[in-house]
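K.L.:
As a plain string of letters, each chain reads:
Number of protein chains: 2
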Amino acid sequence: MQVNKQTLTVAIVGAGVIGCSWAAVWVRAGHRVAIFDSDISVLEGIRDRLLRNLRDSVGDPQASLAALEAGVVIHSTLEDAVAAADLVHESVAEKVEVKRELFERLDRVSKPEAILASSTSAIPLSQFTEGLLNRHRCVIVHPATPPHTLPATEVVPAPWTDAAVVERTLSLLEEVGQSPVLVKKDHPGFAMNRLQGALLIEMFRLIEAGVVTAADADKLVTDGFALRWAVVGPLQAIDLNADGGLEEYLARYGDIYDRMAMERHETERFVSPSLARELVKQFRDQLPLEQLEAKRSWRDQRIAKLKRLLAKKDSDR
Amino acid sequence: MQVNKQTLTVAIVGAGVIGCSWAAVWVRAGHRVAIFDSDISVLEGIRDRLLRNLRDSVGDPQASLAALEAGVVIHSTLEDAVAAADLVHESVAEKVEVKRELFERLDRVSKPEAILASSTSAIPLSQFTEGLLNRHRCVIVHPATPPHTLPATEVVPAPWTDAAVVERTLSLLEEVGQSPVLVKKDHPGFAMNRLQGALLIEMFRLIEAGVVTAADADKLVTDGFALRWAVVGPLQAIDLNADGGLEEYLARYGDIYDRMAMERHETERFVSPSLARELVKQFRDQLPLEQLEAKRSWRDQRIAKLKRLLAKKDSDR
Ligand SMILES: NC(=O)c1ccc[n+]([C@@H]2O[C@H](COP(=O)([O-])OP(=O)(O)OC[C@H]3O[C@@H](n4cnc5c(N)ncnc54)[C@H](O)[C@@H]3O)[C@@H](O)[C@H]2O)c1
Ligand SMILES: NC(=O)c1ccc[n+]([C@@H]2O[C@H](COP(=O)([O-])OP(=O)(O)OC[C@H]3O[C@@H](n4cnc5c(N)ncnc54)[C@H](O)[C@@H]3O)[C@@H](O)[C@H]2O)c1
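Heads up: the protein sequence lines correspond to chains V and X, in order. Take the first sequence: its letter number 266 is residue 266 in the UniProt record's numbering, and every next letter is one higher. Take the second sequence: its letter number 65 is residue 65 in the UniProt record's numbering, and every next letter is one higher.
Pulled out of the complex, with its shape left as it was, chain V reads as follows (with noise of 0.2 Å):
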């Protein structure tokens, strides 16, 4: 929505599968990208492993190799690496004294002004910048991967973030095509990889019981639910199960996972019903219920769609 979008610099720390995924966002919206890794082995890889993530994302080789050309230099110092960025995203080792080394020598060497970025998967982002002078302008921006393909970014402030950093952060995200959601806590895990994780424990705990096996415990995820929540939501997919919408799928269904809840000893059922209620009421003003039955067609078409593509061959490209 910014009238004159501007050409940033965009220094990336730390280039293995996230970090040179994350180039390849910030070059293929245009912006200048400058890049450290501290192993020297690594350096000589990072232009092959950017330009793939460019070509698979972008599709044109030639546009590609041009948008590396012009928008990419790799330095051998960090220094260098973010003397003139405005935003620098750490992707180096998730090892918190790691971190913190790193975010001191960030805090110093970069402009004050510039974003400092963090893909932590895991590490409360209070771990390791509590002690900065500038540590307002921390926040984390976790990726989904590879970022370069998949937009869901989750961004995390500490209690010191500046609010207008947040927002910076998620503007200038969604402005290079990223789906930048706020979590509002420092969560363990986040979310997305409390939502991951539940997933997939509950799919190791099937194969260990021998109910499925590993290959089908993927495929009931691949070819049912993700394509379905590709188009609709986790959420707004179980709206769509029952002609009452949530309501009635909770009253039909609700039991199912009140006993899973039990089984994990929470003293709380699925969903609670206070949140169970709100849920129904945001549903209904989003959709009344005489339009449920167009939105599922609306969603199977969507599916349908997805599915031939799926279908075709890699070489009917």
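Rather than coming from a laboratory, the hints here were simulated on the basis of the structure. Don't take every hint at face value.
No copy is singled out in the list; a pair is fine if it fits within one copy or between any two copies.
[Stated by the list, open to error] Think about it this way: if two alpha-carbon atoms lie no more than 27 Å apart in a straight line, the pair counts; the simulated BS3-like pairs of lysine-lysine are:
hint	residue 1	residue 2
1	Lys295	Lys219
2	Lys5	Lys111
3	Lys184	Lys219
4	Lys219	Lys307
5	Lys95	Lys305
Given the structure of chain V, go ahead and fit chain X with the ligands onto it with the hints provided.
P.N.:
Frame of chain V, contents of chain X with the ligands only:
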């Protein structure tokens, strides 16, 4: 794979959301479908609902109408609907007494060799088929909602279900384009709803704890995991998320999920060491580490195509 693909007669008993969706699956594959519902007011709406399901999945309105006219008969008695059936799909209310009474009748009025399939979401098959004369031909065929759109289907036998009935059910479902999975044990909630339930419980907990809004919880899945899982299952996905594959992924991130398992008062870790070893072996046998990077490119290119499709407005069909 069958050489003489036979035209079957399939009876749909209970013509609500699921029954009318099963009907579409069989009709569009060229089989004859006989429908019955005990509620007369439902009978009137069946044609429209079924036609919509055919159109949404087949795409072509003319062909859909022709398939409906040629293949579907709506009956006003159960006996007439099931008389010629090779397979009966029961999709009536999720109540054990209703299913028990119905299966007793079905066992009497159907051809003795007909497969009796229940769509039940969570009632163990043993609770409503035990006393039947021909209980060996009963099996649960539990679809993802709706089956005319989502192929994943779990097939759950009772202890007394014939192995041949299970085999035939699996292969018929394959033939009509579903993606059937054998659930080897009658586990509470089977497999599919347990996977969905695990995710939904976690979503509700995050919303209740004020970590994310409901809309954002849906978005994290829709714009992230779902796109990935439509291309590679959740287990295969984590195998691709570290350069050293699943083994390295678990070493790096396993503790995030171990902590989640512990919160649930589970005594076990997220994944047992023996299952982890077995899965690492399976994944490396299928995909040697040197091919991991190429597989990631394949994944990313496919997801990029899905995203382009989903980004199209409904008007640019
Ligand atoms: N792989 C995933 O699924 C995933 C998903 C989301 C977030 N993350 C997070 O992203 C971060 C990076 O993960 P990854 O998978 O890209 O790891 P990776 O091992 O592929 O890459 C890390 C890179 O950082 C470099 N590095 C280490 N210490 C450094 C330092 N002090 N200065 C500069 N470079 C340094 C390493 O040489 C390596 O190239 C981690 O915090 C991880 O938790 C990973
Ligand atoms: N909706 C879902 O998400 C879903 C998913 C998978 C499985 N299922 C299962 O499928 C079955 C049907 O669910 P639904 O969502 O289609 O419900 P629904 O209420 O939409 O349809 C049920 C239909 O069965 C009819 N019926 C009831 N008793 C009958 C009887 N004795 N004989 C004939 N018809 C009878 C009703 O009139 C109604 O039309 C249930 O067992 C349910 O657990 C539902």
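K.L.:
Flag every earlier hint the structure violates by its number, smallest first.
P.N.:
5
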